[in-house]
Every structure is written in C-alpha cells, then in structure tokens.
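When you get a sec, could you build the whole thing from the sequences and use the hints?
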Amino acid sequence: MAKIKGDIVINVERCKGCEVCIAACPTSVIAMSKEVNGKGYHFAMKVNDTCTGCINCALVCPDGVITVYRAKITTE
Amino acid sequence: MEDQVTKIDIRKDENIVYKRTDLLVDRPLSYCPGCGHGVVHRMLMETLEEMDIQDKTIGVSPVGCSVLAYDFMNIDMLGAAHGRAPALATAIKRLWPERFVFTYQGDGDLAAIGTAETIHACNRGENFVIIFINNGIYGMTGGQMAPTTLPGMRSSTSPYGRDVATMGHPLKITELIAQLPGTYYVTRQAVHTPNHVRRTKKALRKAFENQKRNTGISFIEVVSNCNSGWKMTPVQSNKWMEDNMFPFYPLGDIKVDGQLVPKKETAEKE
Amino acid sequence: MGELRLMKGNEAVAEAAIRAGCDGYFGYPITPQSEIMEYLMAEKPHERTGMVVLQAESETASINMLYGGAGTGKMVMTSSSSPGISLMQEGISYMAGAELPCLLVNIVRGGPGLGTIQPSQADYFQAVKGGGHGDYKMIVLAPASVQEMCDFVKLGFELSFKYRTPAFILSDGAIGQMMEKVELFDPIPRRTEAELIKQCPWAATGKPKNREHIIITSLDLDPAGQERVNLKLQAKYKIMEENEVRYETIQCDDAEYIFVAFGLSARICQKSIDLARKKGIKVGLFRPITLSPFPTKPLGEMSKRVKGILVVEMNAGQMIEDVRLSVHSDQKVEHYGRFGGIIPSPDEVVAALEQKIIGG
Numbered sequence: 001m002a003k004i005k006g007d008i009v010i011n012v013e014r015c016k017g018c019e020v021c022i023a024a025c026p027t028s029v030i031a032m033s034k035e036v037n038g039k040g041y042h043f044a045m046k047v048n049d050t051c052t053g054c055i056n057c058a059l060v061c062p063d064g065v066i067t068v069y070r071a072k073i074t075t076e
Numbered sequence: 077m078e079d080q081v082t083k084i085d086i087r088k089d090e091n092i093v094y095k096r097t098d099l100l101v102d103r104p105l106s107y108c109p110g111c112g113h114g115v116v117h118r119m120l121m122e123t124l125e126e127m128d129i130q131d132k133t134i135g136v137s138p139v140g141c142s143v144l145a146y147d148f149m150n151i152d153m154l155g156a157a158h159g160r161a162p163a164l165a166t167a168i169k170r171l172w173p174e175r176f177v178f179t180y181q182g183d184g185d186l187a188a189i190g191t192a193e194t195i196h197a198c199n200r201g202e203n204f205v206i207i208f209i210n211n212g213i214y215g216m217t218g219g220q221m222a223p224t225t226l227p228g229m230r231s232s233t234s235p236y237g238r239d240v241a242t243m244g245h246p247l248k249i250t251e252l253i254a255q256l257p258g259t260y261y262v263t264r265q266a267v268h269t270p271n272h273v274r275r276t277k278k279a280l281r282k283a284f285e286n287q288k289r290n291t292g293i294s295f296i297e298v299v300s301n302c303n304s305g306w307k308m309t310p311v312q313s314n315k316w317m318e319d320n321m322f323p324f325y326p327l328g329d330i331k332v333d334g335q336l337v338p339k340k341e342t343a344e345k346e
Numbered sequence: 347m348g349e350l351r352l353m354k355g356n357e358a359v360a361e362a363a364i365r366a367g368c369d370g371y372f373g374y375p376i377t378p379q380s381e382i383m384e385y386l387m388a389e390k391p392h393e394r395t396g397m398v399v400l401q402a403e404s405e406t407a408s409i410n411m412l413y414g415g416a417g418t419g420k421m422v423m424t425s426s427s428s429p430g431i432s433l434m435q436e437g438i439s440y441m442a443g444a445e446l447p448c449l450l451v452n453i454v455r456g457g458p459g460l461g462t463i464q465p466s467q468a469d470y471f472q473a474v475k476g477g478g479h480g481d482y483k484m485i486v487l488a489p490a491s492v493q494e495m496c497d498f499v500k501l502g503f504e505l506s507f508k509y510r511t512p513a514f515i516l517s518d519g520a521i522g523q524m525m526e527k528v529e530l531f532d533p534i535p536r537r538t539e540a541e542l543i544k545q546c547p548w549a550a551t552g553k554p555k556n557r558e559h560i561i562i563t564s565l566d567l568d569p570a571g572q573e574r575v576n577l578k579l580q581a582k583y584k585i586m587e588e589n590e591v592r593y594e595t596i597q598c599d600d601a602e603y604i605f606v607a608f609g610l611s612a613r614i615c616q617k618s619i620d621l622a623r624k625k626g627i628k629v630g631l632f633r634p635i636t637l638s639p640f641p642t643k644p645l646g647e648m649s650k651r652v653k654g655i656l657v658v659e660m661n662a663g664q665m666i667e668d669v670r671l672s673v674h675s676d677q678k679v680e681h682y683g684r685f686g687g688i689i690p691s692p693d694e695v696v697a698a699l700e701q702k703i704i705g706g
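Line order of the protein sequences matches chains B, F and P. Just so you know, we're using our numbering here: the first sequence kicks off at 1 and counts up by one. Just so you know, we're using our numbering here: the second sequence kicks off at 77 and counts up by one. Just so you know, we're using our numbering here: the third sequence kicks off at 347 and counts up by one.
Read the hints as simulated data drawn from the structure, not as lab findings. Keep in mind it's a predicted model, so treat the numbers as computed, not measured. Certain hints may be false.
What the hints assert, rightly or not - Ranges of calculated distance between the beta carbons of each label pair, as one might list FRET restraints:
1) THR75/B / ILE92/F: 19 to 27 Å
2) GLU318/F / LYS555/P: 58 to 66 Å
3) ASN48/B / PHE324/F: 48 to 56 Å
4) ASP98/F / MET387/P: 43 to 51 Å
5) ASP98/F / ILE73/B: 27 to 35 Å
6) LYS278/F / LYS582/P: 42 to 50 Å
Unchecked claim - These stretches of chain F come out as covered by chain P in the derived footprint (C-beta under 8 Å, 3 or more residues):
7) 116 to 128
8) 189 to 199
9) 247 to 256
Said to hold, decoys possible - EDC-like, lysine to aspartate or glutamate: derived pairs with alpha carbons at most 16 Å apart:
10) LYS72/B / ASP85/F
11) LYS315/F / GLU13/B
12) LYS555/P / ASP85/F
13) LYS508/P / GLU594/P
14) LYS46/B / ASP131/F
15) LYS5/B / ASP85/F
16) LYS555/P / ASP131/F
17) LYS555/P / GLU125/F
18) LYS132/F / GLU539/P
19) LYS34/B / GLU19/B
20) LYS5/B / ASP98/F
Ideal placement from N, C-alpha and C gives every residue a C-beta, glycine not left out.
Written out as structure tokens, the structure is:
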C-alpha cells in the first residue's frame, strides 16, 4: 500500500523559539526543546513521526528555519 | 509495518517540498522571535523567485524595524529616509519603467511621517507595489504609539491607553488610499497562520503581475504582530491580533482591478 | 560656435539640463525659480531626449525622488529657492552619506523664514557648511551670469558623478530672472543602460546572477563602520580641494585692494572697480567660482600683495569667514553687505571700500 510520509529538518541555530510552528502543525509533530541553542533560545524540535509534510510549520516560521520533505512510500 | 515506514529516511533533495528561498540572504534575520516581518520577507522573495525577476527588481526599504530589510533580501535595494520610500520608488519606476519596483514600509513610516508621499504616489497611479506592515506600534524605537495604534491600546507614549480625545484616532490609511483613482489593487492580509500566509503570497503575486501591466499602485497591507512592543509571547500576540486588530482592520480585498469591493464582502471568510 | 540665444538664467538652467543628458528633473514650484520647471514642461524633454520631468508634492518628495533616481545611477536634478532648499536638507545629507551624485540649484531669495522673493546670498552658510546633519560637503558653484548658469549645469553633473557627491549651484533671484545672451553647448545624448551600468557599477540597477546585490544606504550602525564612511568622505573632499578649486581674478595685477565677491555681488564689484579706478583707487576682484571647495590657497597668496580686502555679499557676512581663514591674521578684511532682497549699488560699494578699508 502507498502512504504519504513527511519529515522536517529544523535549523536549530537559527530558531528563535517563538512556538508559532507548534500551533500551525495539525499532527502535533513539534515541541520545544529543553536545551537552548547558541543564542540561548529553546528551539523547536520534531518529537514524533506523524509528519505529513503539509509545510504549514515552514510557512508560518518567521525565520524560515524549517525544511520539509514529503514522499510517497510503498510498503508490502 | 508502520515502523518500517517511519524508519525510511526521506530526507533527500528530491523529496524537498519546502525550503527557505535562496533570494533571502543566508544570514539570521534581525527581527524579534515570532515577528511577522520574516514571513512577509520570505513570501516577497518567493514571489520574485517564482516570477524570475530577481535581476529586474529594485526594492526600497524604510526606516523602522525593517530598515535593514536590504540585508536580508538578495536583490538591489535602496534604504530611504523615514517616510520617503514612495518618493524614491516614484523616481526609480519613472526612470526604469522596465524594472519591478516595490516599497516595504511600516505604519509609522507609511501612515505618519510619510503620509504625503504615500497618498500622492497612490494618487498619481505610480506603477509600483507598496507593502505595508501594520502592527499598530513603533517597534524599532521601543514601542511608541503609531498612527494605527488602536483606541485604548497601550504603548510607551500612551501608557494609559490611546485616548482618542487627545491623541487622535487610528488612521485607516488603506481604506483611504483605496478611494484614489491611482490605486488598482488594495488588500489587507495577515501572516500568522498557514492559510493567511498563502493568501498573502497570492496577493503579492497579483500585485507584481499588475505591475507588469502598468495598472497603477498595488497596495498590500499586512496586519502583523509586535510581541515585543505589545509585551506578549508570539503566540499570545497572534491571538490578541485576531481579537483586537482584525475587528478594526478587517482582512480581505478592498479594491480589485480598480473597483472597490462592496463592504459586506470585505470581511474575511474563514 | 554653439547656438546663441537670449534667455533668462532659469531658462538657461533648464535648457542646459536637457542638453547635458539629464535623466530626470523632480521639483516643486517656488518663486523666483518656477521658470525652470515651466520651461522643461513646455519643452517636452520626454520627446526630445527621454528625460523625465515630474512635479512632486513637496520639496521633501523632490529631493527623495533624486535619492531614488541617483541610487540607480541616473542623472537627476532639482531646483528650488531658499525655503524649499531648507526642506531638502535632510535628503541632501542622506545623499552625501550614501555618496550619490545629483545636481541641485538654489535660486536664492531673501530670508530668514518666508522672507522675500527678491535676490539674496544669505544661503552661503547653508550651502557650503553643510545645511543638513553630519560631516559632509557638497561641490558648490556660484554662477555670475546666465552663461555660467548654463555651463555650470553641465559642469555640476560632471563633478557630481566624478566624486559621487551632490553638486550645488548657488545662484540668486536676479541671475535667475535676468536675460542675457547665452552660447549653448551641443546636446550630449543620455546614457544608454549599458553605459550607465559601466559608469556607475555601484548603482542599484537590478541584481544579475553574477554579482552581489547592491545596497544604497547612508546607514551603518557599527560605529567603526560609520567612522570608515566618514574618513572616506573626508578623503574625497581633500581630493576635491586639490583638484576642483575654481576662481576668477579681474584687474588684480596692479591692485592695492581687492574685492572678494561671488555671483551677483561680483558683477556689481566689476562696475565698482571702474568707478574706483576713475578715482585713482587701484582695486581688483577675486571671484570664487567654487564656494566649496573654497579657493583658500590662491586667495591667501593674492592677499599678501594687497593692503586690504573688502568682502561684498548680499548677506550679513558669511563668506567673509572663509576669506579670513584664507589670509594672514594681520590682513585687513572688512565686509559690506545688503540683505533682505536689496542689491547694493556700485557707488555704495566704492564708498564702503573708501570708508572701511582705505580710510579705516
């Protein structure tokens, strides 16, 4: 069967921890880190594998730190 | 089976469906966390990239938080004196009619000190795009009252809230310039949710397509947040914006193809 | 020989702009210089050369239109009179800071404030000492005839592009309004886009793939960077001082006294020389043509040979400060001026020479 799978990569050093992406994600993929980046911000991170690659998080990210991948996966 | 799917690495170039455009310079933006400027910058640069007009575009940045916009947009740009961006753009477009020209201005720049330049450029029907970021406050200088600050809204120069009796009323300059025959497309958008971002992008594309046809001014207001100035978290400020800014500054098209949109249709349909 | 015409000074400026290959004029009406834009509009330069002429909503808008045009390498100019030039000072400072070329013409009227519409030279300080904020200088040319009104438009554009700095013609309401014979220079074609980009590689003309993006600004928030900007400007001004000083001397070879005067005052002094010499007073004229850079060295040299200097200006004493800085502190230097739109007569200038310098 075919399934749409998404993934995100967050440039954590450019993330300012505004959390706008969290509200935009329909599948609750993103949460804030406990650690901080070089600028002292808690950064956004992917916390589960339910991403659909909808790009909502990347669209609203003011700093453009999110790259989104999407692929159709066929499994037996 | 589910586990197998999730373990497959899809992080390959051919699977990229969204990444930061190369028309943004590869450096951190100077804006506060959660500020809408970054999204508008990116949508603007994506529009130029999709139209393949990077080499034909000359932008004008204002004085205000986006004074350094030229450091982030990988196109030729001029930094204007406070409020004068439409005067610069007027001359640039008249002298380079084949170039695409835009101004990027905040509310203090466009609707206070630069009101005359804004109105006259719009009234002459100059053929450039004006992008107007309205967050109801002077962000860069530390949160002073703006021409678009709401009645009762607190700022560092209206610490007890804007008293319209002594401080005047907020200026709906977008509705005002829509009345002028020189404006062709006037719209008010936002960038705090994915759908709003998509609509702003569409508006930008429409504006630059209009410029190709020399239709006159295309004017895009983006109602945005200023979480630092409003003293809220970014997420709170977006909610506050929906609850307070949007009722006063309703989203939607105000003038399309040179025709005013009837008022009842102006309100945003979610 | 070029084409001869009888023209007003203001008209000569306008015709010269078209012939110099100017790309754009942006201005706002004000007496006594409105003929410049009126002439341009009537001449339809967009048909003659493709030059853009636009009546702006204010002098503030005009100067910022220049900033926009100049930032893209275009040859742009404006003209105004004293109150309007005051409004432009912010933009001039920005253009000096961003190192942009342009030509500004001030047909000076009496001030301060709304003042009068009659001629004056009271904007000398504003033109040569800055006017706007920050450490900057312009090239300031002072025409004394309608011919020079024409010629200095071409010269002003040349110098402004050579040094990437605003050039300024400091004239007055009398020279703007008077009619004289002018020999017009042959028209120079406007630059093509390729010629402009070759001449102005620094200009924001649209970023091709193979070069970095260009930013035109006067902002550098880093103090070290802003100091570098200032040092660069000062180095440029030093070169201007070395290469661009212009002046004229009349009957100075045997002179025991000299008038120092610019523009209209210099014309009056020429008549005063004739009157004085009939009385046996050997007087000559030193006329600075570039008020900035000021002809400090040649004036200093000449002052060593004379007994006294009378600075004649239609103001309360402005250029006299630069004259004093040019000569030895023992040198006798006095000022004679009329203001508020009054033009001094040659007789009263001679009388002032006799009273303040010879008899004083």
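Okay, the hints, checked on the actual structure:
{"no.": "1", "hint": "THR75/B / ILE92/F: 19 to 27 Å", "result": "22 Å, holds"}
{"no.": "2", "hint": "GLU318/F / LYS555/P: 58 to 66 Å", "result": "41 Å, violated"}
{"no.": "3", "hint": "ASN48/B / PHE324/F: 48 to 56 Å", "result": "39 Å, violated"}
{"no.": "4", "hint": "ASP98/F / MET387/P: 43 to 51 Å", "result": "45 Å, holds"}
{"no.": "5", "hint": "ASP98/F / ILE73/B: 27 to 35 Å", "result": "29 Å, holds"}
{"no.": "6", "hint": "LYS278/F / LYS582/P: 42 to 50 Å", "result": "47 Å, holds"}
{"no.": "7", "hint": "116 to 128", "result": "violated (count 0)"}
{"no.": "8", "hint": "189 to 199", "result": "holds (count 3)"}
{"no.": "9", "hint": "247 to 256", "result": "violated (count 0)"}
{"no.": "10", "hint": "LYS72/B / ASP85/F", "result": "12 Å, holds"}
{"no.": "11", "hint": "LYS315/F / GLU13/B", "result": "27 Å, violated"}
{"no.": "12", "hint": "LYS555/P / ASP85/F", "result": "34 Å, violated"}
{"no.": "13", "hint": "LYS508/P / GLU594/P", "result": "23 Å, violated"}
{"no.": "14", "hint": "LYS46/B / ASP131/F", "result": "37 Å, violated"}
{"no.": "15", "hint": "LYS5/B / ASP85/F", "result": "10 Å, holds"}
{"no.": "16", "hint": "LYS555/P / ASP131/F", "result": "7 Å, holds"}
{"no.": "17", "hint": "LYS555/P / GLU125/F", "result": "12 Å, holds"}
{"no.": "18", "hint": "LYS132/F / GLU539/P", "result": "13 Å, holds"}
{"no.": "19", "hint": "LYS34/B / GLU19/B", "result": "13 Å, holds"}
{"no.": "20", "hint": "LYS5/B / ASP98/F", "result": "25 Å, violated"}
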